[in-house]
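Participant: Sequence:
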Amino acid sequence: MGAISRTWFSADRKKEMLEMVACAQRQGVSMRQSCRMLIIQRRRVLRWGSHQRDGQGLANGRPGPERAPHRVLPGEREQVLSLARREEYADCSHRILTVLAWEQKIVWVSFSTTYRLLREARLMTGRGRYSPHNGHSLSPTRRALTGPNQRWCWNISYLPTYERGIFLYLYLLLDEYSRKALARRISWQQTMQEARELPDDGMRAENILDLPEDQRPEVFNARGRQMKAKPIQRMLEDMKMPQRFARPRTPNDNPFIEASFSTVKRDPEYPGRFRDLEEGYGYFNPYLT
Numbered sequence: 001m002g003a004i005s006r007t008w009f010s011a012d013r014k015k016e017m018l019e020m021v022a023c024a025q026r027q028g029v030s031m032r033q034s035c036r037m038l039i040i041q042r043r044r045v046l047r048w049g050s051h052q053r054d055g056q057g058l059a060n061g062r063p064g065p066e067r068a069p070h071r072v073l074p075g076e077r078e079q080v081l082s083l084a085r086r087e088e089y090a091d092c093s094h095r096i097l098t099v100l101a102w103e104q105k106i107v108w109v110s111f112s113t114t115y116r117l118l119r120e121a122r123l124m125t126g127r128g129r130y131s132p133h134n135g136h137s138l139s140p141t142r143r144a145l146t147g148p149n150q151r152w153c154w155n156i157s158y159l160p161t162y163e164r165g166i167f168l169y170l171y172l173l174l175d176e177y178s179r180k181a182l183a184r185r186i187s188w189q190q191t192m193q194e195a196r197e198l199p200d201d202g203m204r205a206e207n208i209l210d211l212p213e214d215q216r217p218e219v220f221n222a223r224g225r226q227m228k229a230k231p232i233q234r235m236l237e238d239m240k241m242p243q244r245f246a247r248p249r250t251p252n253d254n255p256f257i258e259a260s261f262s263t264v265k266r267d268p269e270y271p272g273r274f275r276d277l278e279e280g281y282g283y284f285n286p287y288l289t
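Counting from 1, position 237 in the sequence shown corresponds to residue 237 in the working numbering; the numbering is continuous, with no gaps.
I should point out that these hints are in silico values taken from the structure, not numbers from a laboratory.
On a predicted model such as this, the values are computed, not experimentally measured, just so you know.
There may be inaccurate statements among the hints.
With a straight-line Cα cutoff of 30 Å, these simulated BS3-like cross-link-like pairs (lysine-lysine) come out [said to hold, decoys possible]:
no. : residue 1 : residue 2
1   : Lys-228   : Lys-240
2   : Lys-230   : Lys-240
3   : Lys-230   : Lys-180
4   : Lys-240   : Lys-180
5   : Lys-180   : Lys-265
6   : Lys-265   : Lys-240
7   : Lys-228   : Lys-180
Label-pair distances were calculated between CB atoms; the ranges are [as the list claims (entries may be wrong)]:
no. : residue 1 : residue 2 : range
8   : Met-124   : Gly-272   : 39 to 49 Å
9   : Glu-213   : Ile-106   : 37 to 47 Å
10  : Ala-59    : Ile-106   : 39 to 49 Å
11  : Leu-277   : Glu-213   : 46 to 56 Å
12  : Arg-266   : Gly-147   : 21 to 31 Å
In this text, a Cβ means the ideal position worked out from N, Cα and C, and glycines have one as well.
Take the sequences, apply the hints, and build the full model.
Facilitator: Now the structure itself:
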């Protein structure tokens with residue numbers, strides 16, 4: 001069996017071996033013979049002894065050079081980031097940006113280096129004027145409520161039928177303070193026209209138009225195409241009812257309506273599927289009346 005190689009020893013283990021070799025030398029045993037008995041290379045023991053005498057310690061150092069000779073310089077980093085921030089390259093991937101830097105002889109870096117620099121500078125998300133949701137936006141402001149009809153919330157929930165791909169749609173409008181179901185609709189269609197009737201039903205039921213304009217409720221909703229439809233926005237604006245939108249894919253921004261859907265759908269008696277509108281109203285009316 002040959003000498004032990006490619007095996008790292010702890011500093012204490014190295015010190016113990018050096019003491020064993022030194023003790024053997026005092027007894028007349030040469031270092032070569034001691035290393036042969038320990039099954040370790042002699043030059044490793046010599047190197048450990050040299051480090052110990054020079055005060056460098058016996059701890060294992062990190063392999064490789066302390067400073068990589070090909071490390072990106074600060075000036076090169078700024079050139080890459082400056083190129084990525086240019087408006088004409090806002091939609092380019094890190095690979096295309098790297099090739100552009102080569103072609104324009106700005107800087108010579110690899111694809112992975114460009115990716116790392118952009119990621120560190122948080123430029124790997126959309127850099128254009130219309131950037132997507134980046135996960136750092138703030139939730140809509142919600143003022144404290146002191147009574148009913150100060151803030152409404154509404155949404156649309158899918159109700160499966162017995163035909164695959166065909167759904168009924170539950171439209172629900174809630175008062176956040178009292179949790180009262182102000183208006184509800186079940187329809188075969190998910191359209192702006194159906195959605196527009198929901199706040200209209202709520203305003204008639206609560207006589208909202210009789211209230212002063214500064215006392216009318218604000219309306220919280222998700223960002224579906226029905227909620228963002230121009231006719232609905234204009235209607236609420238004309239009625240002096242501010243409309244607030246939840247952030248994309250953030251149910252916690254509109255929690256009360258989501259909790260209502262969860263409550264009625266997790267009941268043990270929930271049928272799971274509905275045949276028609278009559279069956280849908282028959283199940284939801286006792287909950288939402």
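Participant: For which of the previously enumerated hints does the structure constitute a violation, in increasing order of number?
Facilitator: Checked against the structure, the hints that fail are numbers 6, 9, 11, while the rest are satisfied.
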